[in-house]
Amino acid sequence: MLQRSHVDTVAYLHIELIDGNIISSFVASKSRVAPLKTLSIPRLELKSAFLSARISRKIETALELPINRIYWTGSSIACFWIKGDSNRIMEFVKNRIKEIKSLSNPPKKIASLYREG
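Just so you know, we're using the working numbering here: the sequence shown kicks off at 7 and counts up by one.
Think of the hints as simulated: they come from the structure by calculation, not from any bench.
Please note that a few of the clues may not be correct.
What the hints assert, rightly or not - Within a straight-line C-alpha distance of at most 25 Å, the following computed SDA-like cross-link-like pairs (lysine to any residue) qualify:
(1) 43 to 72
(2) 36 to 72
(3) 43 to 76
(4) 64 to 94
(5) 107 to 94
(6) 89 to 48
(7) 100 to 70
(8) 104 to 42
(9) 107 to 77
(10) 107 to 34
(11) 89 to 14
(12) 43 to 64
(13) 36 to 25
Claimed, not checked - What follows is a list of derived Cβ distance ranges for each label pair:
(14) 11 to 68: 43 to 53 Å
(15) 105 to 76: 27 to 37 Å
(16) 93 to 27: 18 to 28 Å
(17) 33 to 80: 36 to 46 Å
(18) 11 to 86: 33 to 43 Å
Virtual Cβ for every residue (Gly too), placed ideally from N, Cα, C.
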């Protein structure tokens, strides 16, 4: 049986300079121990997406700059949940998606921000 002991996220800043040069730099990471209650892999991936949304909001606030955010996830199920209608799913998933959408600006572009990788 496949189990994960943690959820995590990594944030990079990708800057394109006026002269065309590109700088990519590690900015932050966050890791959480998975809860003792067994969660499915898609739910853990959703928690990881939630961490990503939260950390990107903190980075944007700290830099005081508008940032074009792109989120990547390896979970097609979590991606489907985020892009889909959250009214038709279970409460745990619904609450995480609501938070992700509130942290991910602008909410109307949410479908294009989350990509499978």
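Consistency of the hints with the structure:
Restraint check for residue 43 and residue 72: the C-alpha separation of about 38 Å exceeds 25 Å, so the hint is violated. The suggested pairing of residue 36 with residue 72 holds, with an alpha-carbon distance near 21 Å, which does not exceed 25 Å. A hinted pair counts as satisfied when its Cα atoms are at most 25 Å apart, and residue 43 with residue 76 does not qualify at roughly 30 Å. Using a Cα cut-off of 25 Å, the hinted pair residue 64 and residue 94 is violated, with the two alpha carbons roughly 30 Å apart.
The hinted pair formed by residue 107 and residue 94 meets the criterion: a straight-line CA distance of about 16 Å does not exceed 25 Å. Between residue 89 and residue 48 the alpha-carbon distance is near 14 Å, which keeps this suggested pair within the 25 Å criterion. For the suggested pair residue 100 and residue 70, the alpha carbons sit about 30 Å apart, so the restraint of at most 25 Å is broken. Restraint check: the Cα-Cα separation between residue 104 and residue 42 comes to about 24 Å, which is no more than 25 Å; the hinted pair holds.
For the suggested pair residue 107 and residue 77, the alpha carbons sit about 12 Å apart, so the restraint of at most 25 Å is met. As the CA atoms of residue 107 and residue 34 are separated by approximately 21 Å, the hinted pair is consistent with the 25 Å bound. For the suggested pair residue 89 and residue 14, the alpha carbons sit about 21 Å apart, so the restraint of at most 25 Å is met. For the suggested pair residue 43 and residue 64, the alpha carbons sit about 28 Å apart, so the restraint of at most 25 Å is broken.
For a cut-off of 25 Å, the pair hint linking residue 36 to residue 25 is broken: about 33 Å separates their Cα positions. In this structure the hint that residue 11 and residue 68 lie 43 to 53 Å apart at CB is violated, the actual value being about 29 Å. Between residue 105 and residue 76 the Cβ separation comes to about 19 Å, which falls outside the hinted range of 27 to 37 Å. At about 45 Å, the beta-carbon gap between residue 93 and residue 27 misses the expected band of 18 to 28 Å.
The hint said 36 to 46 Å for the Cβ distance between residue 33 and residue 80, and at roughly 20 Å that hint is violated. Taken as a hint, the range 33 to 43 Å is violated for the pair residue 11 and residue 86, whose Cβ atoms sit roughly 25 Å apart.
The structure shown violates the earlier hints numbered 1, 3, 4, 7, 12, 13, 14, 15, 16, 17, 18.
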